[in-house]
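One letter stands for each residue in the lines below.
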Amino acid sequence: MTQMKIPVVRNILQANDRLAAANRKRFDDAGIFVINLMSSPGAGKTSLLEKTIDGLAGRIKMAVIEGDLQSDFDAERIQRRGVQAVQINTEGGCHLDGNMVQIALEALNLDSVELLIIENVGNLVCPAEFNLGEHEKVMILSVTEGDDKPLKYPLMFQLCSALLINKVDLLPYTDCNVQKIRQSAHQLNADQKIFELSCRTGEGLPEWLDWLEEKVRAFRKTQN
Amino acid sequence: MSIAQSLLNIVLEEGRKHRLKKVKKINLHVGALSAVVPDSLKFCFDLLAQSTIACGASLEIEMVPIIARCSECKEPFEVEDHVYLCPHCGQPSLELISGRELSLTSIEGETGDTDDADEDSSSAKYPAG
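Heads up: the protein sequence lines correspond to chains A and B, in order. All letters in the first sequence, in the order written, are residues 368 to 591 by my numbering. All letters in the second sequence, in the order written, are residues 90 to 218 by my numbering.
No lab work stands behind these hints, which were simulated from the structure alone. Backbone N, C-alpha and C fix where the C-beta goes; we use that ideal spot for every residue, glycine too. Among these hints, one or two may not hold up.
Unchecked claim - Selected chain A positions facing chain B (in silico; Cβ < 10 angstroms): (1) Q437; (2) L518; (3) S551; (4) L555; (5) F562.
Unchecked claim - In silico DSSO-like cross-links for lysine-lysine, where the CA-CA straight-line distance does not exceed 27 angstroms: (6) A:K372 <-> B:K111; (7) A:K372 <-> B:K106; (8) A:K372 <-> B:K110; (9) A:K560 <-> B:K163; (10) A:K372 <-> B:K114; (11) A:K519 <-> B:K111; (12) A:K372 <-> B:K163; (13) A:K560 <-> B:K131.
Stated by the list, open to error - Chain B stretches covered by chain A per the calculated footprint, using a threshold of three residues with CB under 8 angstroms from any CB of chain A: (14) 157-166; (15) 190-197.
Turn these sequences into a full structure, and let the hints steer you where they fit.
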């Protein structure tokens with residue numbers, strides 16, 4: 368027996384990063400702006416998507432990839448609104464990865480699509496580590512989850528360029544302090560754009576829609 | 090779990106390359122900002138590594154502190170309690186020098202006495218997840 372020590376400096380997630388880079392190139396070549404939408408379960412990702420589809424109808428051509436552990440309820444909800452949607456079932460996996468997105472892309476007709484939103488599996492931890500090839504990461508935090516979340520899940524809050532504080536219509540019934548969320552989120556990421564909104568009442572949605580439309584237009588300008 | 094799987098894939102690949110019969114120790118760097126919990130990674134790795142050359146290998150995890158560099162005065166500083174503000178000039182900074190590592194640094198193991206084999210005991214397929 369010979370004992371040996373092999374120095375190997377390798378990033379454990381390099382296989383995923385490679386796939387994400389390939390996806391990204393595909394998006395860039397096709398001029399599609401891509402968002403990786405993340406949150407805890409039940410924070411309102413699919414509701415936000417529905418409102419976003421309705422709000423951007425006639426403004427931006429969208430497609431959606433839905434990630435869930437099981438079921439295709441969410442993709443059906445999206446398709447009912449007349450937008451292409453493909454469902455990824457992770458069969459227990461707690462996040463999407465670059466490979467799953469690559470496979471899902473085969474099921475979409477990307478011609479003339481300007482914006483692709485990938486709804487990740489509900490989870491504030493693992494999705495932050497796995498790039499999918501997106502241009503921006505966006506997250507939702509609902510006020511019922513509590514104002515301590517940014518410092519409990521710092522990586523997620525730090526990586527997201529926009530934070531949507533959802534369900535603000537429920538604020539009178541919670542002890543959530545929105546100012547505290549803003550402060551700790553900005554402490555992690557001073558450039559983060561923060562929106563306060565309610566998918567239920569529609570409050571705050573126009574600001575989000577305008578920001579998103581502007582992002583898509585600015586991106587497409589750089590691609591031409 | 091899929092981080093443990095990716096790690097195992099790399100360890101088995103390197104093990105084959107260097108003709109290891111047994112992997113005893115795996116040294117890793119994990120950034121304090123990464124979403125990895127060392128105990129969970131160890132648990133998942135042990136499960137996945139059963140019946141491979143890495144079965145029973147110990148994971149030695151070195152945590153790497155979060156270091157940022159100030160965008161104004163260019164001074165590096167350690168981020169404590171998730172305060173990303175330069176202690177020298179008070180500017181917010183997101184330029185990370187370290188803290189997001191998730192990397193393998195070395196593998197320790199044993200090779201067989203004789204270099205006879207092309208035998209490949211580690212080519213079993215593993216489910217993703």
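*Taking each numbered hint in turn, which are not upheld by the structure, reported in ascending numerical order?*
1, 5, 11, 12, 13 and 14
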